[in-house]
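Number of protein chains: 2
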Amino acid sequence: MTRIQHVTLIVDDLAACRDFYVDEFGFTERRVEGLDYPGAFLVVNENQELHLAELPDGPPSFRGHFCLRVDNFSAVFHRMKELGILDVRPWGRIRELPGGSLQLYIRDPAGNLVEITSEPEDRAGIDEAIFTDQLYGGEPYRYGDGSV
Amino acid sequence: MTRIQHVTLIVDDLAACRDFYVDEFGFTERRVEGLDYPGAFLVVNENQELHLAELPDGPPSFRGHFCLRVDNFSAVFHRMKELGILDVRPWGRIRELPGGSLQLYIRDPAGNLVEITSEPEDRAGIDEAIFTDQLYGGEPYRYGDGSV
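The listed protein sequences derive, respectively, from chains R and V.
Read in order, the letters of the first sequence correspond to residues 1 to 148 in my numbering.
Read in order, the letters of the second sequence correspond to residues 149 to 296 in my numbering.
Incorrect hints may have been included.
Derived list of chain R stretches under chain V, where covered just means 3 residues or more per stretch with a C-beta under 8 Å from a C-beta of chain V [unchecked claim]:
1) 1-8
2) 12-21
3) 37-46
4) 69-81
Here are a few chain V residues that face chain R, going by a calculated C-beta distance under 8 Å [as the list claims (entries may be wrong)]:
5) Met149
6) Ile158
7) Pro207
8) Thr265
9) Glu269
Keep in mind the hints are simulated off the structure, nothing from the lab.
Since the model is a prediction, treat every value here as computed from it, not as a measurement.
We put the CB at the ideal spot given by N, CA and C, even for glycine.
All chains, full assembly: derive it from the sequences and hints.
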């Protein structure tokens with residue numbers, strides 16, 4: 001079965017980005033011997049990893065991203081808002097998708113865009129405060145009201 | 149459990165990229181009602197998707213990428229070589245990683261970088277011709293000999 005095994009992000013400060021993903025999402029670092037560049041291999045789950053590489057590249061994509069589906073969306077929302085890294089420019093406001101999955105976007109410390117969604121079956125447990133937040137209000141699959 | 153649910157690539161020609169991933173990797177398109185931009189949601193497996201969006205953005209990342217682990221690596225190698233889209237510049241030549249997974253990189257029609265790896269347990273079935281190919285020869289985790 002074909003599967004997405006990892007995503008590799010280019011970062012400008014490896015320690016800052018590693019700390020962000022370890023501290024905020026609980027990923028654990030897998031030691032790799034022999035890397036000849038500043039890098040970190042983070043374990044997302046038993047089948048998936050997130051790799052970080054501090055190497056020259058262009059600026060991060062404005063709209064390209066990967067999506068982490070989490071089982072604690074409400075806590076992630078409040079924490080990302082506290083950190084001030086929610087980004088509604090590329091794809092619009094926080095919204096509920098058909099099926100009941102909540103969706104938000106953040107920028108990591110290197111400027112990479114990350115989508116966060118909830119498990120649809122967790123819809124009943126979503127903090128109601130999210131639906132009255134000033135950043136809430138996007139329509140599913142309507143992105144044309146973005147600011148760019 | 150947190151998991152990578154999808155990757156979203158920005159493309160300059162939606163039809164060309166959709167055809168590429170459908171034809172070459174067997175992904176199937178999931179119909180989505182109400183998208184207000186040219187996009188395609190491709191099903192990788194029951195837990196993962198690849199989303200394509202034809203929207204303005206910067207140039208594709210030179211080194212940033214996602215990795216597809218496939219169960220027909222040898223066939224993918226020969227096909228990608230035939231298509232002329234193997235790219236050894238960002239991360240070096242085709243190589244065998246510790247554990248027995250084979251690794252190569254390609255550019256999709258939009259210029260997005262995609263890593264392809266084999267299941268380590270499939271090592272015995274890898275076509276021996278790959279190991280004598282002119283594009284083979286990278287050391288695991290040694291990337292400094294790249295051309296950029």
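Each hint tested on the structure:
1. 1-8: holds (count 8)
2. 12-21: violated (count 0)
3. 37-46: Since 3 is at least three, the answer is holds.
4. 69-81: Holds: 3 residues of the segment 69-81 of chain R have a Cβ under 8 Å from chain V.
5. Met149: Holds: closest Cβ of chain R sits about 5 Å from V/Met149, inside 8 Å.
6. Ile158: 5 Å, holds
7. Pro207: Because about 6 Å separates V/Pro207 from the closest Cβ in chain R, which is inside the 8 Å limit, the hint holds.
8. Thr265: 6 Å, holds
9. Glu269: 13 Å, violated
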